[in-house]
Structures are given as structure tokens and as C-alpha cells.
Amino acid sequence: MTANDVLQIVFYLAVLLILVKPLGWYMARVYEGKPVGLDRVLGPLERLIYRLCDLDPQKEVGWKRYAMGALAFNAMGFAFLYLLQRVQGSLPLNPEHLAAVKTHTAFNTAVSFITNTNWQSYGGETTMSYLTQMLGMTVQNFVSAATAMAVLIAMIRGFVRRNSETIGNFWVDMTRSVLYILLPVSILWAVALMSQGVVQTYSSYPKTSLIEPVKGADGKMITEQTLAVGPAASQIAIKQLGTNGGGFFNANSAHPFENPTPLSNFLEVLAILMLPAALCYTFGKMVGDVRQGWAVLAAMVVIFGGMLALCWYSEQQSPPWMAQLGVDTTAGNMEGKEVRFGIANSALWATATTCASNGSVNSMHDSFTPLGGLVPMLLIQLGEVVFGGVGSGLYGMLVFAIIAVFIAGLMVGRTPEYLGKKIEAFEIKMAAIAILIPVIVILIGAGAAVMIPAARASTANPGAHGFSEILYAFSSAAGNNGSAFAGLSADTPFYNVSLGLTMLIGRYWVLIPALAIGGSLARKTIVPTSAGTLPTHGPLFVGLLVVVVLIIGALSFIPALALGPIVEHLLMFQ
Amino acid sequence: MTKQKRAAAIDRTLLQHALIDSFRKLDPRVQIHNPVMFVVYVGSIFTTILFVHSLVGQGEARPAFIFGVCLWLWITVLFANFAEAVAEWRGKAQAEALRKTRQEVHAKRLREPRVDAPFEMVPSSQLHRNDVVLVKETELIPADGEVVLGVASVDESSITGESAPVIRESGGDRSAVTGGTRVLSDWLIIRVTSEPGETFLDMMIAMVEGAKRQKTPNEIALNVLLASLTIIFLVVTATLLPYSAYSVMQAGHGSTVTITTLIALLVCLAPTTIGALLSAIGIAGMNRLSQANVVAMSGRAVEAAGDIDVLLLDKTGTITLGDRQATQFIPAAGVTVEELADAAQLSSLADETPEGRSIVVLAKQLYNLRGRDIRRLGASFVPFSARTRMSGVDFPEHQVRKGATEAIEAFVKSHGGVLPEAVKTTVAELSRGGATPLVVADGAKVLGVICLKDVVKGGIRERFAQLRRMGIKTVMITGDNPMTAAAIAAEAGVDDFLAEATPEAKLALIRDYQKEGHLVAMTGDGTNDAPALAQADVAVAMNTGTQAAKEAGNMVDLDSNPTKLLEIVQIGKQTLITRGALTTFSIANDVSKYFAIIPAAFVSTYPVLGRLNVMRLATPESAILSAVIFNAIIIVLLIPLALRGVKYTPLPASELLKRHLLIYGLGGLVVPFVGIKVIDLLLCFLHLA
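Here the protein sequences line up with chains P and Y, keeping their order.
Take the position in the first sequence, starting the count at 1, then add 906; the result is the number in the numbering used here.
Take the position in the second sequence, starting the count at 1, then add 1122; the result is the number in the numbering used here.
Reference listing, derived: stretches of chain P covered by chain Y, where coverage requires no fewer than 3 residues with Cβ under 8 Å from a Cβ of chain Y:
#1 1305-1317
#2 1348-1355
#3 1359-1373
#4 1443-1457
#5 1472-1480
In case anyone wonders, no lab produced these hints; they're calculated from the structure.
C-beta: ideal position from N, C-alpha, C; glycine also.
Pulled out of the complex, with its shape left as it was, chain P reads as follows (with noise of 0.2 Å):
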């Protein structure tokens, strides 16, 4: 650990919370309908979409109406992006001629994309075309954020409104998601990035000879080397914004062209975190107290820290085998890893892409150690909501946090209340159901694979390993966080179906229940503040969320993990 190191992440984390407040203030704006500056130019589109699609921006709608326009948008992108996989073959912009993608494949990738989960069982660049990653893949980028963003707003909503029967218009909010935040940031960043070297181009992939020609395993010299290249630059920012992170290219952000330099690296990982931090302050100045937006990002931010220690720790210990075998430890684990990036950057972004539901990576998280990869597979199965995805993120906190005043909350002699809102059965029962059914699938789901044989053959690896791919398999399609312990051969029939299923589950067992209990709250009055309420703006509520959301992730998956990656700690550093 160099000072170097510390810098580094003390100089992200400082930068991350600097944004919080510009751009949480921007984005309750845009939500509020306040003039933004952007609007004066963009407004006149915004009109014209609604009138195209015949729409009125002032007409709002109840919880279930707006969950109906969500999913049912959502089944028309899942529509369009299957169809789109299965004939690209006979559509332009496809210079590497790759054919239809596989039925399974295709509605994997078509599930994983519509869930922001951008689980990918394929590689990008053997697999699709520039007009399917185009089209498909970077429209859902922005239209999964987005409508996970709208649902966000419309719940906080619940808390601001009172005796009232609607929640908001799905498709305004969804529009104005995309116009005025994702849009334009993505624009700045792709530019950004495209600077740093991040390849844009439709040119098919150019050839180039190799300095050192090596032997292939028929016994031909290989001189050549084929250079993957395609329109990433644009497709990355939004991947990184919208906590996507399905990447343009196989290896994702590890891969040169999509994350050639240091400084790309920190706009990459800046970009993770950026907009789930910046929500909780949004949260804050729409219910009109901003401390309880800072709570919030205040308990996400404690246990990112605790998490990112953990994990930057165990990676520097490097296994004992690996001295065994000559290797040089100083750096620490460095397997799997970007030497341009080093074990600080790597172990940051791991905990960043999985502490948020992005999941793209710059290393490679079946290779950390195994305490170093247990971080990210709990971050996921606590349930995707330190930061986590673009709105859905602080809407799963908020699930969370109704929770903690629900069983705090009775031991200050009130029936519970969160922002003057009473916490009855309907919130409760609604809020267990989030928490409840991603558990379930998880659990379920890794039971079942290791019950099948052919699920059991895709592992890479023997013994408790193995059994960590798998558990982090279906931890990261039902967190709707896409990263893998790519041991795991997942292209086949059983794991996408399954997994597609997983991430369909994942994603809107918490959003419907989300909405119900933003609409069930609209319609309660709002208790006022006394000195009897619960404060929820100070570091003892901080704490409580904190411990709540670590104690209900923890006694839902500790015997899991005493059998995946606990016992392989402790069967390596024995």
C-alpha cells in the first residue's frame, strides 16, 4: 500500500462527493420541471416527442399505472433487442459479417440489457454487430437507467406528496432521464474518453502483423493479429453512467481500447459511482431536507469504505502458492489484474462496479484472492444498494432504510415513521418482498445449479471455487449487476434461461414493490416533526442502516459463503 495508492482513492472519493451536491441539485430540478438551462434548448424536443407520441406531460398516474408504462416499455425494448440479435445478420453496419445470435444467447442478452443488469454470456466483439451494439445495446443503456431513474423519483414522490392518488408520468420522467442527465453527460464523457483513446469507428478490423510472431497450437507461426475496433467510445460512457456495464469488447474496461489510460480509468470509475451518489442528494432537496439525502449516501458511503478496505487488503496478500512457485509477490495478487492499473485502481473498481449494480470491470474478480472476491459478491447480494444501479439503487435503500425505522423506529414508543410518513403493513409487506425475493432466486437458483450436472460442468474450477462462480453467477443477475467470476462458462441453454430469469426477478420484484409503496405513501397525510419523531438525519441513523443493510445480507448468505469463499480463505492461508 503506497502513499501513491491512498492518494489515488482519497483524491476519488473527493472528487465523487464534490459532484454530489452540483448535480443532485441539477437533478431535482429536472424532476421538478425547474427551468436547468438545457431545457432552453432542449425543450423544444422534449415538446415534440410528447406530441409525436401523443402525449400529455401533465396528466399523472397512480403506482400501478406507472408500473404498467415501465414494464410495458420495457417488454417493447426486450422485443426489439431479441429481434434485433436474431437478424442482424441480414442488416447493415455488420463488416465483420457475424451471424444471428443464438435463441438463448439472444434472450439472455435481451433480458440482461432491459434490467440494466448487462450480464454478458457472449463476447461483443465475435458476436454482434456494430447496428445491434448501436442500436440495441447503447439505446438500452440509456433506457434501462432511465427508467429505473423515473421509478426512483416517482417513489420519492410518495414521500412528498400527501392524501395524493398519483405518483407522477412514467413517460415524462423517463424522457426528461434521458434528455437532460443522461444524454448530456454521456456526450461529455464519450468526448472525454475518446481523447484518452477509446476507439470510435464503423470500420471493419483492421489486421496488423506481430512484432513477435508466435507458435499456434497446430505448430504455424502466427504473424498476424486481427484488431477488434468498433463505435465503443460512444457505447462506454453510457455504460458507465447508467451502471450498465456491459462492454463493447470481451474483457471490458480491462481492455485497452476501452480503457487504454490512467486517466480514463478514473472518468470510468468516476462515471460508476457518480450519478447514484449525486441521487441521494436529489432525494434530499425533493422531500426539502437535504440531511436525509446525506444520510443515506453517508451509510453507502461507510460501507463502500469498509468493503474497498477489505478488499484492497486481501489483494495485496498474494496466495502462498504463488511464491511456491516463484512468482514475484511484492505487488501483491496481480493475477487477473491490468499492471496499468495496479492493485488500488483495481481493487476500486471492484468494489465500485458492484457496490453499484453496474458490473463492468477493469480485472478480473475470479482471480482476486478469496476474501479480495468476496467483497464484490457481497456487495451484490446485500442486495445491490450501496450506491447501486442509477436510481434503482437508492430506491432499494429506501426499502432498506423503512425497514430500520420499522424495527428501530418502534423502540422510541411510535409507530414507525420514515419522513412523516407512517410505515404500516402494505410498506412493510411490500418492502420484504424487495428484499425477500432476490435472496430467494439467488439461493434457489445456486442450489439448483449445483444439483444438475451439465449446470455443474461450466465451472472452471474444482471445490469451493467452483462453487463461488456459481453463487456469484446468479448474485449478479439477480442484483442486476452483470460482472461474473467468468470461470464460468455461462453460454449455454441452462445458465442463460436461468439466469435470464434471474435478472427479469431481480429487477422487478424491487421496482413494482418500490412504486407500490411510493403510491401507498402519497396517499398518507404527513406527520410533523417533534422531539418524539425518530431522527433520521443523524450518524445513529447512518449506523442503524448501516448494520441493518449488512445484517440481513449477512444472515441471508453467510452459510453460502462459509462454503464458497470463506473456507477457500482458509483452506489457502492455512
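Once you've looked at the hints, dock chain Y against the given chain P.
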């Protein structure tokens, strides 16, 4: 038998009854109502089958081990039943005591409400609404009713526990009587207001027996949460079976985790502590309320009491002593204060109103003026009338009067005098200060002013400050004019007041507060309070109040003590805190149980997992058994806490949370580590594992 011994005997029979009930409650139809305990119940049945299986055929583990787990699971279920049964039986014991007062008596049913009217003897169970009965000295009042004629002192100790007799009379707010109480002197003619089986006593018995107890909204929500947690743990433990099988396959040695172990793990993880005690907490809350002599019509009202953030309090009787008292004599120019006091006392000697008495007392206290017999002075008393608005004495040659300023002014004028300007100023000043001025005149001469004041009860200010710290706003309701009201409000330290309150104004005030999201509590006794009582979230009617008031409220205070509301709020809060504390405790317990059971369950497959056995428990079997036993025993140990309730101190919410998190959160984390270790040591010592 001494009182203590008798209490112990009652306790013993109570526990015996509760014990029998614990077994009776093993009926699955009873168990299904509590999802958490139902899981334990099913687990117990499962392990019983596994045990039998291990005896007759090839078991998955040593029969003794399975038997140990099985036994303690059944004990866990019984302990939970026991907790509920104890709470119920305590209620029943109270109900029994009440029922004894509901003796069948024969009542004299009158043809018409006259003392000498003809009557027939009717058993009290055959009295119907609007029947008129006569109750004489030493007789029991046969049913709830309203006094239509007569004044009597009544012993209500059977209901209220208060041994001092109370006066019941027709008209006014002291006209309601309760069946089962005894007339001590004189007689009463009572109009029955309840049908048989619906009397107040019946209601109270049903309430304390828990017969009509329904789950409160918060209990329902908590049940949902507990059930969800249980489902998670069910899946967590169930999926451990394939995980374990896979691990055994990969490791190549060890054996798959046994079903018995998984059931043990499930029961330990499920929030059994709170699940077992939840209904006991609710019943105990109601019991505490009835011990405070308050009858709640529903558990919902008790829960709402904890949430109250606005208290409407009647000024008279609650904040002030109730009657205005003379506090000062202010003489007019040229009159000594003794002269004034003397005249004031003379005019009040025969005045039996509280104000009049207080004037006599004050004159005696300040100027040592003794009371005199006005008849011996040859004087006659002129009582207060609404028309003259004065009272006083007539001497043969002069008349002394005291009364409202305008009335005295007219009186003085009629004798050819005038009201001096200085007196007028004094009167205005006193009024501004919230006092009531009474002007005293002797014929044409104005002697001065008596200052009458509402005296604020001692200690009430501190109580309001306490309420403020708890986040409860106090609002004083009074019929006084705004000026008087403001002065008393300031003196008593209430947060707000409603002056010149009419029933409509009260109702509107409650609605306004509710619209802002507040939860409002109030007390009331008069019929004109009924609409406001019906609107308030927590409405406590005084037992002495009218039937209309009692029907509109959702609680009745048998002591008719308006400050009881504060106690009710505390009991409500206590119930909620107890629930939250035990939930937190229950969940925090799970951490240690993982450390006990996980290594034990998988150590055969991965011996390195033994390093997680931080408590150094002797064997895998002893570890699992210790966790299960701890889990059962903690329920019994916490029964007293559940029944008594967590101690409530009026503190701001943040302080309360900090304290309770420390005790029940951190405590819940640490205690089981110690407990499980101790049980493990004991098991080894006794060679049971």
C-alpha cells in the same frame, strides 16, 4: 394468610393454569396463527419423525442427538405457548375479581321515578334499558345507569380500587353509576342505561380476558416482517442441503449436513424470541392499562396512545385545581385592607360555593378574622343569582354585597354612590392577568376588590415540560375569555390554548390538528364533549361522565382522573418499545448462532471451518444443542420483561433510540455468545453431549 402469601398462592395457581394451557395450545389450529412459531412447531414434528426413524431404522445421526434437538424444539414451542398463557391468565385473574362484583342482585324496579312509587323485585339480569330502579343504603347498584333522583355516597372500590366513597347525584356530570358498586348512605333512583350482558363491567371483563383482542395494525405489520424473515431463513437453510452435498462431492470427504441440524439452524435463526412473546406483549399492555384503572375498547387505541403528539386538556380539574380561589384583597382608596377583608368575609360566611369558602379561608389566614354566625349578627344571607349576579348579607341598617363589576356598579348607583376610577383600573388589571375580580360594596361605599384566581396544580408545569421533551404538544381547552386563558396557559406552561371553547370549536380544533397529520388525544366527561371525543384519535371518557361521553370515547378512566392521559400515553409507548426491543434483540441474536452452528454443520467436510468456532464449543453436536437450548431458554427469561414492559423514561426520541439500541441491539449481539458457551460447558459437565 399474609397478603404476600396469598399473592404467591394466586401466582401458583395462575402458573398451573398457564402450564396446562401451554399444552392445550399445541393444537395446530392455534399454532397456525403465529407464523414464526408454526415453523418451529412443524420443525418439532419433523424431528420427532426423524427421531423415531433413527430408532427403528437407519437414522441420519445419533438417536440421542436427534432426541435432544427434538425435545428442545418442543420445549421452545411450549415456552412460547406458556408466555401467551401467562399473560392471558393474568388477565383472566383480573376478570375473575371483577366478575365477583357482578353478583346477581334483586333490584326494586319502580313503576315511576318516585321514591314512594310501587315497585317489584326483579333479578338484575332481567333489567333492560330505561327501567327505573330504587337503590337504598347498603344495597348494590344492579346495573349501569344514570341517577334521575337523589344524592348518595357510593362505594366504587370494586371497580376503581379507590376506597373513599364518591358522591352521585342527579343532573350534572356526576350522575352516572356503575353496576356492582354499593350505595353507602341515602338512596338513588336510577334509570338503567344498558342491556343485560352489555354493561360496563361485562365490557371490561371481556377486555381484560382478551376475549375480544384483535391484532393491532402495528402488530400485523410486525408479523409480516417476522414471517418474511422466517421465509428467508427457511430458504437459507433448505438450500444448504444441495450446497452441502456439492461441497462433499467436491471435497471428497465428510458427510452432507443432517436435516436435524438444518431444522435446528432454522429455528435458531427464525425470530422466535419476538415471535413467541409478541402476543404476550400485546395482552400485557392491555393488562397494564386496566391496572391503571383504564378500560380500552380496543388494542388499537392503546397503540395510538403511543403515537399521540397533541394532548387536549380541559383546564378545569386537569390543569387548575378546578375552582377559583381568593388570593388577594385590594382595598379602594380610604379603606383599610382589614375593613375590606371583614366585609368580604361577612358577605361570604353563608356562601357555600367554593369561591365563597375560599374568601372566608383567605380572610382568616391573612388577617386572622374568625368566621361568625350571621344569624347571631341579625343578618340574613342573600345567595347568588344569575339575575343579580351578586351575593351578600343584609343587616338591618345596611347591605353588603360582592359581585361582578357591572352588578356592583348598578348596586352602588342605586344607593347613590359611584364606582371609583381607581377600582375600575384595578378590575381591568386583574382581568388582564387572568384573574376574576369581585367588587365588594357596603351600601353606596365601594370597599375594594377580591381577586379570585384559578390555581394551577402543583407539578403540572414540570409534567408539561416532560411531555414537550417527548414531543407531545399540550393544548389547554377552556371556556374562559382569551385573556384569562392566556394568563393561565402561560402559568401552567402549556404550548397552546383554546379559549371560549364551544363543542364546535373543540371539534374543529381536533380536525385541524388531524389535517396537519397530528394524532390527538383528549379527555372529556360531558355530553357536549361527545362529538370531540368521537373525533379524537385517543379519547378518554371519565367514568363519572355521562353515558354519551363514555360511548363516544375509546377508553374509559375509572378513576376519572384527567391527568391519567399521561399514563395512558406512557403505557402505549411502553408496549411499542417492548415490541421493538425484543425484535431487535431477536435479530441480533442470530449472529452468534451462526458462529455456533455453521462450523458444526460443515466441519466434517471442511475441517478448517473449525476455526470459525470462536466460542470453542466442545463438539458439533453440543454446539448445535447449546444454540437450540439457548434459543428456548431466552424466551422464558424474557417473559417477565414482556409482561412488565421495557421501562419508559420520557426522553427525546434520539436519546431513547440510542439507549435501547445499546441495550437490546448490542446486548442481543453479545449475550448469546456467553449464554451458548455456558450451556455448552454445562452439557459437557453433565455428559449430555
